[in-house]
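Protein chains in written order, with our numbering: chain A, 339 to 673; chain B, 339 to 673; chain C, 339 to 673; chain D, 339 to 673.
Keep in mind that the hints were calculated from the coordinates and are not lab data.
Careful: at least some of the hints might be erroneous.
Since the list can't tell identical chains apart, any single copy or any two copies may satisfy a pair.
Stated by the list, open to error - Below are the DSSO-like pairs computed for lysine-lysine, each with C-alpha atoms no more than 30 Å apart in a straight line:
id, residue 1, residue 2
1, K377, K625
2, K496, K445
3, K449, K607
4, K496, K365
5, K373, K496
6, K368, K625
Protein chains: 4
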Amino acid sequence: MHRYDCQNLYMALHGWAMHEKESGVIKNIKLAARKPGQKTTIIDVNGIRVGEGLIIIAGPCSVETERQTIETAIAVKNAGAHMLRGGAFKPRTSPYAFQGLGLKGLKILDKARKETGLPVVTEVVDTRDVSWVGEYADVLQIGARNMQNFSLLREAGKSGKPILLKRGMYSTLEEWLNCAEYILAEGNPNVILCERGIRTFETYTRNTLDLSMIPAVKRESHLPILIDPSHGTGLLSFIEPMSLAAVAAGANGLEIEVHIDPASALSDKEQQLTVPMFESLMNKLRKLRAFMDEPEMSSALQENMDTPIEKSAAQKNDSQDPISPLPGAFSEAVD
Amino acid sequence: MHRYDCQNLYMALHGWAMHEKESGVIKNIKLAARKPGQKTTIIDVNGIRVGEGLIIIAGPCSVETERQTIETAIAVKNAGAHMLRGGAFKPRTSPYAFQGLGLKGLKILDKARKETGLPVVTEVVDTRDVSWVGEYADVLQIGARNMQNFSLLREAGKSGKPILLKRGMYSTLEEWLNCAEYILAEGNPNVILCERGIRTFETYTRNTLDLSMIPAVKRESHLPILIDPSHGTGLLSFIEPMSLAAVAAGANGLEIEVHIDPASALSDKEQQLTVPMFESLMNKLRKLRAFMDEPEMSSALQENMDTPIEKSAAQKNDSQDPISPLPGAFSEAVD
Amino acid sequence: MHRYDCQNLYMALHGWAMHEKESGVIKNIKLAARKPGQKTTIIDVNGIRVGEGLIIIAGPCSVETERQTIETAIAVKNAGAHMLRGGAFKPRTSPYAFQGLGLKGLKILDKARKETGLPVVTEVVDTRDVSWVGEYADVLQIGARNMQNFSLLREAGKSGKPILLKRGMYSTLEEWLNCAEYILAEGNPNVILCERGIRTFETYTRNTLDLSMIPAVKRESHLPILIDPSHGTGLLSFIEPMSLAAVAAGANGLEIEVHIDPASALSDKEQQLTVPMFESLMNKLRKLRAFMDEPEMSSALQENMDTPIEKSAAQKNDSQDPISPLPGAFSEAVD
Amino acid sequence: MHRYDCQNLYMALHGWAMHEKESGVIKNIKLAARKPGQKTTIIDVNGIRVGEGLIIIAGPCSVETERQTIETAIAVKNAGAHMLRGGAFKPRTSPYAFQGLGLKGLKILDKARKETGLPVVTEVVDTRDVSWVGEYADVLQIGARNMQNFSLLREAGKSGKPILLKRGMYSTLEEWLNCAEYILAEGNPNVILCERGIRTFETYTRNTLDLSMIPAVKRESHLPILIDPSHGTGLLSFIEPMSLAAVAAGANGLEIEVHIDPASALSDKEQQLTVPMFESLMNKLRKLRAFMDEPEMSSALQENMDTPIEKSAAQKNDSQDPISPLPGAFSEAVD
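Between the sequences and the hints, there should be enough to build the whole structure, so can you do that?
Written out as structure tokens, the structure is:
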């Protein structure tokens with residue numbers, strides 16, 4: 339036993355943890371709350387296990403053409419992405435902005451999936467669309483502006499499909515987890531959370547990407563947490579550093595906008611990576627995640643302070659045995 | 339030349355970068371602005387070079403007793419910290435809260451410096467104190483609440499001492515860099531910036547730590563940028579993940595609160611690390627920084643998009659030769 | 339001509355107005371924008387003319403029982419309210435909170451309307467409900483959390499019903515007016531705006547009621563603007579002063595929560611007025627509005643700086659003649 | 339006894355007030371807190387009684403020239419202003435912006451006072467300046483950016499001068515009242531509060547003027563509360579409606595920027611009223627305040643819910659007799 343661990347154990351036994359604000363302070367959540375000892379829930383999307391390792395969802399902001407979508411899909415697949423994103427229904431500030439291709443866009447996504455095998459993540463914006471959009475999508479995304487569209491949350495819950503629930507740009511952790519609770523309460527356990535930046539007084543970045551939600555969600559909920567650095571910053575050159583930061587902080591994945599020709603994009607021109615940028619980024623993300631999974635670094639990815647630390651994704655593949663509570667106690671004091 | 343680099347060069351030459359909002363949009367800054375090709379300024383503090391590698395400033399929130407301060411100083415020194423922090427003048431919300439030991443505190447810090455060799459960082463809160471506090475401190479800290487105390491900034495400028503300028507909890511990047519400009523305009527080039535969290539609607543964390551300021555400062559200014567995860571989150575178990583995130587995003591350093599016995603602290607009980615926690619964290623930070631300095635990861639630490647990328651700190655030690663602009667052009671397209 | 343007016347005319351002619359940020363800066367709005375010289379649009383709701391005089395919408399937060407709703411309706415009618423509010427579908431943070439009576443609630447509202455003659459304002463939260471809820475409601479309310487539920491806005495537009503569009507708690511004026519544009523663009527000109535407080539760092543009040551939206555909406559849009567002081571403050575004793583302030587600033591009306599027995603309410607217990615409080619408030623509101631309509635005060639209610647001032651509601655009843663542009667020019671310089 | 343009053347008494351006796359969040363929730367304030375039954379403190383400034391009636395402080399943003407200052411002073415005096423404002427030390431975002439005339443400006447203000455008899459309100463920004471600036475000023479203003487400059491607050495407290503303490507643009511009510519406490523704790527009871535707008539996500543207005551601070555301060559503190567609509571909105575045409583709103587909500591006064599020639603001003607060009615605009619506004623403010631002081635309206639100006647209502651300023655001049663607690667009890671239920 340290392341000297342640190344001895345001291346940590348001493349600390350843990352003598353209650354220093356009492357000085358931190360307690361976890362479990364989020365009101366009203368039952369199904370979304372992490373119970374003591376509970377592991378992060380794995381959401382299985384056609385074999386992709388969200389909550390394990392680092393899952394990358396990539397693709398264009400909007401589905402614009404078959405060529406644009408399929409070429410981007412192939413490129414992100416080749417670069418190592420696990421799922422394809424692409425909006426067929428686009429919530430836009432102005433009614434006169436491009437609103438997405440709708441059904442036509444969904445059919446293009448379907449082709450892209452067939453072409454690449456990548457599961458498709460796409461946004462749904464209307465309660466009436468949940469069931470039929472669900473036939474084209476593998477994951478239904480609920481966007482920031484609809485986070486508290488409670489009717490849509492319930493319908494998403496009834497669908498049973500995996501739901502990617504973005505944090506509202508004005509929403510507290512408590513409100514966000516309560517929105518997850520709406521979905522879970524309908525009997526759908528497949529909720530993936532995604533932080534995408536909040537609205538603050540700072541206008542230099544498009545939003546203020548709140549990476550503290552990574553440890554916050556891990557502490558309060560068993561649901562996996564992704565980060566969207568594209569909307570979270572709105573600035574191309576910020577996507578790499580903020581993505582790396584998210585991985586270092588323990589995010590379960592990233593959702594990143596990639597376009598084969600950003601200059602021609604119909605939306606979010608300024609924040610979509612080119613394919614070469616994405617390839618370069620993927621290379622670094624993989625390396626960093628592997629590094630973070632090394633035993634000496636791994637407590638950075640631990641789930642929360644109150645529960646035995648989970649083994650990292652890399653370790654999980656080797657063994658599904660429950661880990662003993664004692665090492666968890668050591669790690670608790672460190673984090 | 340790798341395939342990526344070819345594509346990146348193509349991209350760079352064909353102007354995709356035009357689609358990102360331009361850098362150089364911060365109004366009125368002349369001395370604080372990064373000129374094209376300009377490297378990050380190194381601030382030398384008794385031989386500690388802030389702006390190179392990863393600089394860790396650690397120590398108690400407040401100087402409380404000689405024993406507490408010196409024991410903490412020795413412990414953080416042994417764990418690898420580069421400077422000692424400790425408040426002798428504490429800005430507190432209430433006039434009835436502990437306000438710091440004042441001169442007595444400064445004398446304790448002086449002893450701690452002699453004991454450990456660590457340069458001392460301490461806050462100054464009054465124009466009348468700048469010169470004499472400057473005789474005890476190696477770095478004068480200007481706190482978030484005084485960021486726009488322009489008289490204090492000018493006095494700090496006149497002192498010539500290295501200044502650690504925290505971002506106000508309500509301040510935009512533009513305001514922050516203009517405050518740096520106040521100091522620089524007095525002829526003092528030694529300004530270190532430190533992000534410590536901004537005030538938002540989210541109350542789960544004490545503040546919202548805005549890590550996007552790391553790439554933002556690198557893009558707009560040549561001044562080094564540190565992160566304070568202690569005030570930035572206010573939650574003990576968030577300090578490790580947010581510190582690692584800051585390093586991955588390319589921060590030039592961290593300022594972290596450490597106390598030999600947090601439970602007995604007179605301020606910020608809930609966010610000061612114990613010594614064993616800090617030792618464990620330092621271990622990970624060092625490893626992560628070394629990993630980030632590897633050539634394949636290093637563009638994550640590059641300075642900004644418009645200038646040739648600097649070699650990482652690790653590389654700098656080997657060679658001070660200017661690097662050619664061409665590889666910079668390649669990297670630009672990636673970030 | 340008074341001396342002031344001479345000077346004002348001089349000022350107007352010599353361009354001082356150039357020093358104010360121009361109106362007309364809201365992007366993308368066509369139908370919602372106030373054209374030069376355009377008067378405030380009057381929305382007719384069963385003979386109640388919103389946009390003229392001071393319109394009071396009052397009633398319980400939620401429809402709970404027939405007795406509660408009808409007694410409150412009679413009481414607010416007797417006190418001088420123009421319309422009845424009451425929620426049958428309640429958007430709630432938690433899925434486990436009271437969600438409203440739904441259809442049963444709408445039937446109760448229908449009875450209350452028959453009993454009192456008051457038009458009914460009630461919220462709609464689902465695109466699937468717009469048409470049938472519209473058969474029970476005289477005005478469909480779109481709540482703050484659904485302000486950017488664009489599908490719902492379009493459906494509301496198609497319904498042709500008068501729509502009360504609340505400002506999102508996180509929404510800029512520009513986003514809000516663009517949401518009105520969504521409704522108008524579907525061919526429905528009957529949009530009433532309602533400010534209900536925004537989310538800020540201040541937690542003393544439930545929200546921060548932004549009364550500057552009164553002159554802001556008047557300057558940028560021809561749509562009438564109401565204020566909701568109940569949600570806007572969340573504090574019973576703040577409703578009177580903020581309501582009076584709204585009237586003094588020129589609001590076209592107020593939406594106020596009133597309950598015959600707030601202590602027993604199933605939602606918003608702390609911010610619903612009792613009937614006697616509402617009666618007392620109505621008395622003051624009427625007096626204040628009559629005072630504000632006096633000629634010497636009336637420019638406070640003028641529409642915007644760029645257009646001839648409208649006569650106050652009181653004056654309008656006497657004459658529908660267009661007013662000459664000259665007095666408008668005088669007043670412009672004053673406001 | 340009116341029917342309303344009977345019902346209100348009934349309500350008061352039966353505890354409805356229990357449903358409102360309690361007052362007295364502000365932590366740590368002792369001297370700034372309103373005790374049960376305590377009246378608003380009157381701050382006497384050369385015979386001007388702040389806290390009684392409606393006090394108007396007017397004048398230029400900055401003292402620029404003797405002619406500009408004295409002409410403006412005469413004009414605002416003639417229009418009915420009670421005090422003259424004017425900055426000799428200007429806190430500016432950029433070090434290269436006009437910083438004020440300093441001592442020369444103070445001497446000009448002194449002349450303007452001699453010319454008009456108006457007490458002078460001017461900002462102090464440095465602890466070293468408090469005593470000597472206090473020899474020129476009748477009221478020392480502490481600006482928003484220095485609200486938590488605790489050294490300056492203490493020095494202001496020691497000076498014994500009346501202090502106008504602006505709310506920080508990022509400060510909660512609790513922090514603001516604790517800053518007042520800093521001054522009061524030094525033995526200086528002469529603190530006047532002034533709301534000047536907070537920073538939010540909305541950029542249409544320069545700040546978001548938070549008029550709910552009027553009832554909030556009245557509920558929690560005995561100190562008088564003024565409103566600054568010039569900085570609070572930053573838009574010329576918003577000053578009239580927001581000033582009227584402030585009076586209707588019960589503000590003890592206003593601080594308004596007026597300039598004889600705004601177009602030539604060295605700071606805040608866009609928000610300074612011309613003299614004719616100010617004259618017109620003063621005319622309306624006086625009328626509105628007289629109207630609000632009529633017995634039927636006066637509870638709108640009452641101090642807080644927990645204490646017997648004070649008679650309005652107009653009534654006070656006629657009689658200094660304490661009023662009986664019973665009418666207060668009635669009024670409580672109304673507010």
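To see whether the hints hold, each was checked on the structure:
When the C-alpha separation of K377 and K625 is checked against a cutoff of 30 Å, the pair qualifies both within a copy, at 25 Å, and between copies, at 27 Å. Proximity of K496 and K445 under a CA criterion of 30 Å is satisfied in both settings, with 23 Å inside one chain copy and 27 Å between copies. Only within a single protomer do K449 and K607 lie at most 30 Å apart by alpha-carbon distance; the minimum there is 24 Å, versus 53 Å between protomers. In this assembly of identical chains, the alpha carbons of K496 and K365 lie at most 30 Å apart only when taken from the same copy (23 Å versus 38 Å across copies).
Taking the shortest alpha-carbon separations for K373 and K496, only the intra-copy value of 24 Å comes in at or below 30 Å, while the best inter-copy value is 46 Å. For the homomeric pair K368 and K625, neither the shortest alpha-carbon distance inside one copy (37 Å) nor that between copies (39 Å) is at most 30 Å.
Against the hints set out earlier in the document, a violation occurs for number 6 only.
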